[in-house]
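For the protein sequence lines, the chains are U and R, in the order given. Read in order, the letters of the first sequence correspond to residues 1 to 711 in this note's numbering. Read in order, the letters of the second sequence correspond to residues 1 to 263 in this note's numbering.
Simulated from the structure, these hints should not be mistaken for lab results. What you are looking at is a predicted structure, and each value in this text was computed from that prediction instead of being measured. Please note that a few of the clues may not be correct.
[Unchecked claim] With a straight-line cut-off of 25 Å between C-alpha atoms, the simulated SDA-like cross-links for lysine to any residue are:
#, chain 1, residue 1, chain 2, residue 2
1, R, K148, U, D355
2, U, K80, U, D191
3, U, K357, R, R98
4, U, K357, R, Q94
5, U, K171, U, F218
6, U, K80, U, A146
7, U, K563, U, V408
8, R, K148, U, G271
9, U, K458, U, A605
10, U, K458, R, A76
11, R, K191, R, A133
12, U, K357, R, T142
13, U, K458, R, R62
14, R, K148, U, F356
15, R, K148, U, L10
16, R, K148, U, D20
17, U, K458, R, E65
18, R, K148, U, F218
19, U, K357, R, Q97
20, R, K148, U, V15
21, U, K563, U, K458
22, R, K148, U, E269
23, U, K80, U, G184
24, U, K458, R, A120
25, R, K191, R, L114
26, R, K191, R, E77
27, U, K171, U, R19
28, R, K148, U, D191
[Stated by the list, open to error] Here chain U is said to cover these stretches of chain R; the calculated rule only asks that three of the stretch's residues, wherever they fall, bring their Cβ under 8 Å from a Cβ of chain U:
#, segment
29, 83-97
30, 101-113
31, 170-176
We put the CB at the ideal spot given by N, CA and C, even for glycine.
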Amino acid sequence: MRLSIVLVILRKELVETLRDRRTFVSLVLLPMLLYPLFALLMSRMAGAEMDALEARPSKIAVWGELSPDVSAALATDENKLEILPWHGAPEALRRDLEAGAIPPPTPAPPRPPGPPRKGPGAEANADTKKGDADRPDVAVALAARALVGAREAHAVLVPWRGFSEDVRAGKAARVTIYYDSVWGNSDFAADRLDYALARARDGLLVSREGEKGLPKGFTSGLEVVSRNVAPDERRVGKVLGTLMPMMLILMSLLGGFLRAADMTAGEKERGTMQTLLCAPLLPIEIITGKFLAVFVVSLVTALVNVASLGLTLRRILPGEMDVPFSAHALTFALLVPVTLTFSALFLAIAAFARDFKDAQNLLTPVYLPVMLLSMLTSLPGMELSVATSLVPLLNVALLIKAIYLGDVAPDLVLFTLGSSTLFAALTLVFAARVFEREDVLLGGRGSFRAVFTFERQKGGIPSLGFSLGAFAVIFVVMFYASVLLEKTTNKTAQLAGTQLGLFFLPALAAIAASGASMRETLGLRMPRPRALVGAVLAGLSGGAAVSALATRLVPVPREFADKLGDALLLDGQPLWVLLIVIAVLPALCEETLFRGLLFSGLSRAGFAVALIASSLLFGLAHGSIYRLLPTFSLGLLLGYARHETRSLLPGIVVHGINNALAITILAVRPAWLEKLLQTDQVPVGLGAAAALVLALGIYLMREPREAKTRA
Amino acid sequence: MSPEPSATDAALAAEGLVKHYGATIAVAGLDLVVRPGEVVGLLGPNGAGKTTALRMLAGILRPTEGRVRIGGIDMAERPLEAKALIGFLSGDTQLYQRLSPRETLQYFGRLHGLSEARLAARIDDLVRDLEMASFADRPSATLSAGQKQRANIARAFLHEPSVLILDEPTNALDVLSGRFIVESIRKERAKGRAILFSTHIMSEAEYLCDRIALIHEGRIVDEGEVPALCARAGGANNLTDAFLYHVERGAPRADGAASGGAA
Numbered sequence: 001m002r003l004s005i006v007l008v009i010l011r012k013e014l015v016e017t018l019r020d021r022r023t024f025v026s027l028v029l030l031p032m033l034l035y036p037l038f039a040l041l042m043s044r045m046a047g048a049e050m051d052a053l054e055a056r057p058s059k060i061a062v063w064g065e066l067s068p069d070v071s072a073a074l075a076t077d078e079n080k081l082e083i084l085p086w087h088g089a090p091e092a093l094r095r096d097l098e099a100g101a102i103p104p105p106t107p108a109p110p111r112p113p114g115p116p117r118k119g120p121g122a123e124a125n126a127d128t129k130k131g132d133a134d135r136p137d138v139a140v141a142l143a144a145r146a147l148v149g150a151r152e153a154h155a156v157l158v159p160w161r162g163f164s165e166d167v168r169a170g171k172a173a174r175v176t177i178y179y180d181s182v183w184g185n186s187d188f189a190a191d192r193l194d195y196a197l198a199r200a201r202d203g204l205l206v207s208r209e210g211e212k213g214l215p216k217g218f219t220s221g222l223e224v225v226s227r228n229v230a231p232d233e234r235r236v237g238k239v240l241g242t243l244m245p246m247m248l249i250l251m252s253l254l255g256g257f258l259r260a261a262d263m264t265a266g267e268k269e270r271g272t273m274q275t276l277l278c279a280p281l282l283p284i285e286i287i288t289g290k291f292l293a294v295f296v297v298s299l300v301t302a303l304v305n306v307a308s309l310g311l312t313l314r315r316i317l318p319g320e321m322d323v324p325f326s327a328h329a330l331t332f333a334l335l336v337p338v339t340l341t342f343s344a345l346f347l348a349i350a351a352f353a354r355d356f357k358d359a360q361n362l363l364t365p366v367y368l369p370v371m372l373l374s375m376l377t378s379l380p381g382m383e384l385s386v387a388t389s390l391v392p393l394l395n396v397a398l399l400i401k402a403i404y405l406g407d408v409a410p411d412l413v414l415f416t417l418g419s420s421t422l423f424a425a426l427t428l429v430f431a432a433r434v435f436e437r438e439d440v441l442l443g444g445r446g447s448f449r450a451v452f453t454f455e456r457q458k459g460g461i462p463s464l465g466f467s468l469g470a471f472a473v474i475f476v477v478m479f480y481a482s483v484l485l486e487k488t489t490n491k492t493a494q495l496a497g498t499q500l501g502l503f504f505l506p507a508l509a510a511i512a513a514s515g516a517s518m519r520e521t522l523g524l525r526m527p528r529p530r531a532l533v534g535a536v537l538a539g540l541s542g543g544a545a546v547s548a549l550a551t552r553l554v555p556v557p558r559e560f561a562d563k564l565g566d567a568l569l570l571d572g573q574p575l576w577v578l579l580i581v582i583a584v585l586p587a588l589c590e591e592t593l594f595r596g597l598l599f600s601g602l603s604r605a606g607f608a609v610a611l612i613a614s615s616l617l618f619g620l621a622h623g624s625i626y627r628l629l630p631t632f633s634l635g636l637l638l639g640y641a642r643h644e645t646r647s648l649l650p651g652i653v654v655h656g657i658n659n660a661l662a663i664t665i666l667a668v669r670p671a672w673l674e675k676l677l678q679t680d681q682v683p684v685g686l687g688a689a690a691a692l693v694l695a696l697g698i699y700l701m702r703e704p705r706e707a708k709t710r711a
Numbered sequence: 001m002s003p004e005p006s007a008t009d010a011a012l013a014a015e016g017l018v019k020h021y022g023a024t025i026a027v028a029g030l031d032l033v034v035r036p037g038e039v040v041g042l043l044g045p046n047g048a049g050k051t052t053a054l055r056m057l058a059g060i061l062r063p064t065e066g067r068v069r070i071g072g073i074d075m076a077e078r079p080l081e082a083k084a085l086i087g088f089l090s091g092d093t094q095l096y097q098r099l100s101p102r103e104t105l106q107y108f109g110r111l112h113g114l115s116e117a118r119l120a121a122r123i124d125d126l127v128r129d130l131e132m133a134s135f136a137d138r139p140s141a142t143l144s145a146g147q148k149q150r151a152n153i154a155r156a157f158l159h160e161p162s163v164l165i166l167d168e169p170t171n172a173l174d175v176l177s178g179r180f181i182v183e184s185i186r187k188e189r190a191k192g193r194a195i196l197f198s199t200h201i202m203s204e205a206e207y208l209c210d211r212i213a214l215i216h217e218g219r220i221v222d223e224g225e226v227p228a229l230c231a232r233a234g235g236a237n238n239l240t241d242a243f244l245y246h247v248e249r250g251a252p253r254a255d256g257a258a259s260g261g262a263a
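Same shape as in the complex, but just chain U:
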């Protein structure tokens, strides 16, 4: 692939995009107007609704006799309560209530979260049979529901029989509010009623204190004032976080959607595709140029959207509620892998279309799940977890939500970025496959299926797409399986099972299924003795050298190190078990997966790509941000060993010795580690010595030039 050609194509596509007025309107103008308008509309609607609620008095049906003082306290103008005695009460019920035949509901135990503002029995659930015993007022609740449901009153207030007598006698008089929390007007009426009753009660208490000659405030005992302590950005963020991810993602992808259809199907429709195909270009150069153009357009759209949202927020929110700039920057950063993935996906699918309209028909089924996934974000309780961080798109949408809510877990950011990057790579491979098919570019669609079938190869190393795809499947299965395995108490079996059942066997099965040569893919050859000596040295020193550096760059919190140490010790298993489960098995199994299946396939894209990508995935698979840098660096060392020696064995040796050393020290001489970690950093001297040994090991593993050329 020639970069200069790709850039020529990219430049031409961008020039065409810029000259298209439709693009400008939908990608720049629309977002610039959308967010301010949306914000304005929201605040207007919310404000108007509130105003309307406040202007109208609440109609309260009172089924029972209030004492004159309470009655008077409720009826004051400022309460805005319209008292309707016995309004809508069925005759039979009224008789029962007047006769005191229906006992009041027993006060529910106080619910810890939330203020018990509606008092006992407020949320009468008349349907539950089981509740009937504690809710003897079921007949009242049903009648109240009918009345409120018919919109004849906003709430029903029942002062139970003997209310006035109790008030006069200085006892606790009982009253129940029936309302419908789902109906805004009813909820609001209940709030008003609640407030008015509280004021009436305060009045009663003051007069009782006066009668008994008690000091003021005697009966209150405690004065409780509740204040909402959610920080302002959290409250603003809640509204934003639920709606904005959806809008941001949908708007950003829209740009790519339109351009992808135009650059593939549109170009076919306009008869320009074949001029491009008869030029001396590789299909991959054409797709890459076009893909980059779609990606750039999507990114610009994303940027415009984030900027417009940011400016809108700055305008409508008072200064202290401002969403910080970093939140917007992070949001934009998250949109990068998403736009990457969907640029490739849209382009690959649009390529099958004969014309623009056809492209829209094909793309809509892809866009719909995108809409659904991003809408899921606004569901309450839908939050970023390890599970959701592996679902494409949803993970980013939820992470954006978390950013606006101000609670972001670094590990989950890592998972989200990692899995998004993996999806992006997979869709790129898919798109490249599509564009290698001539009939696709010329407008046929018969090959839709052919793109997904994979032909078993004969020998050699697996293809890039295959090994990435297989890895993605293994990774996802591993994750869900480990969630299930977490329940097993036997940590030893769990670890061993993961290594063998989720890394080793699936990797071998995948290689066998691809038809690739097991020997070449896994590098099953005996390295030279000096390379093995080098591997031993690297295994002994690698961990210390890497941690000396990593602990300085990303300090590891003490609790994390302790927890990890405890977990690795497997509840006091003997050392030989630890060595097998923590050193031997991971060395064998992880090397088979990462430096076997994955590295071989990736190496088709070049050594550098294979080295960095396999190390990154190796690091991410260890699932913690504090371990990312050390495991990534270790991955580089292992990838280097695999490449230089063309054998898996040195990597297994390095990996095994590294792990064995760590676990032995941890199990046998924890005091050493304690001393080492006192400063939370591996000492410089030890690090330097380890680095020297490591350098020697790397040198020994290096294959001499003539051996390489012979190969």
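Assemble the complex: chain U is given as a structure, and chain R must be docked to it using the hints.
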């Protein structure tokens, strides 16, 4: 097909080209040779396989069987080098609507790897030769059909290819524009280019072509200079009659006749 001229020193050579689209056979074994400085016309009714054949020759479609060599270079083995020698144009080719002809030429010149200096000089030459000065900098969407086709011709000639493959280049053009294109093609022949050209217009073919290949149902049914072709077509008076003779007969002629024409 007779091996003379040999497939390796010809500018363009097709050997046993076959193209299947599923069960449909679009081209059923096509052999063709075009030498430098020669214009060969490909004539056939609609659906005869002309466009498919020309697309395979231009490297846009991969043949199901057979092979294409351009200047001795195998299209399947070294597609980029082979394609670099070809200028392709078809009647339904369009221009990028939002680019001007000059920008389109710059785009394709860069894709062909021309240096900026050479590209600028080539564009100046083509704008002059093809009389494009009045519209070279207008967006292509605003051009007339004749102007667009001149810009397309310029694109096909831009990198001075040794082989020109032109699929009905005068399709849907008025007489004046069509004649202009035809004259431009003659000028390219004078420069020693090998030109393969398909058309519906018999007079155009008679005027322009050194040899004619008649294609019917995916096969070449006869090939040769116009008088020989007419003589073999039951003594037809002109190319049109010879064409109709073959189409109505339906069946392909024996190979011997075709090889006689090539001599």
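- Is the hinted pair R:K148 and U:V15 satisfied, with a Cα-Cα distance of at most 25 Å? holds (20 Å)
- Does U:G184 lie within 25 Å of U:K80 when you go C-alpha to C-alpha? At roughly 16 Å apart (the allowed maximum being 25 Å), U:G184 and U:K80 satisfy the hint.
- R:K191 paired with R:E77 [C-alpha distance capped at 25 Å]: violated (28 Å)
- Query: Taking only the CA atoms, is the gap from U:K357 to R:R98 under or equal to 25 Å?
  - Reply: holds (20 Å)
- Task: Assess, step by step, whether the Cα of R:K191 is no farther than 25 Å from the Cα of R:L114, and give holds or violated.
- Result: Between R:K191 and R:L114 the Cα gap is close to 20 Å, so the pair holds against 25 Å.
- Query: For the pair supplied as a hint, R:K148 and U:G271, is the alpha-carbon distance within the 25 Å limit?
  - Reply: Holds, at roughly 13 Å.
- Are U:K357 and R:Q94 close enough, with their CA atoms no more than 25 Å apart? holds (19 Å)
- Taking a Cβ-Cβ distance under 8 Å as contact, does the segment 83-97 of chain R have three or more residues in contact with chain U? holds (count 11)
- Message: Would the hint linking U:K80 and U:D191 be met if the CA-CA limit is 25 Å?
- Response: holds (11 Å)
- Query: Do the alpha carbons of U:K563 and U:V408 lie within 25 Å of each other, as the hint requires?
  - Reply: holds (21 Å)
- Is U:K80 within 25 Å of U:A146, Cα to Cα? holds (23 Å)
- Quick one, are U:K458 and U:A605 close enough, alpha carbons at most 25 Å? The given pair, whose Cα atoms are some 20 Å apart, holds under the 25 Å limit.
Hint compliance for this structure: hints 18, 21, 24, 26, 27, 28 and 31 are broken, all remaining hints hold.
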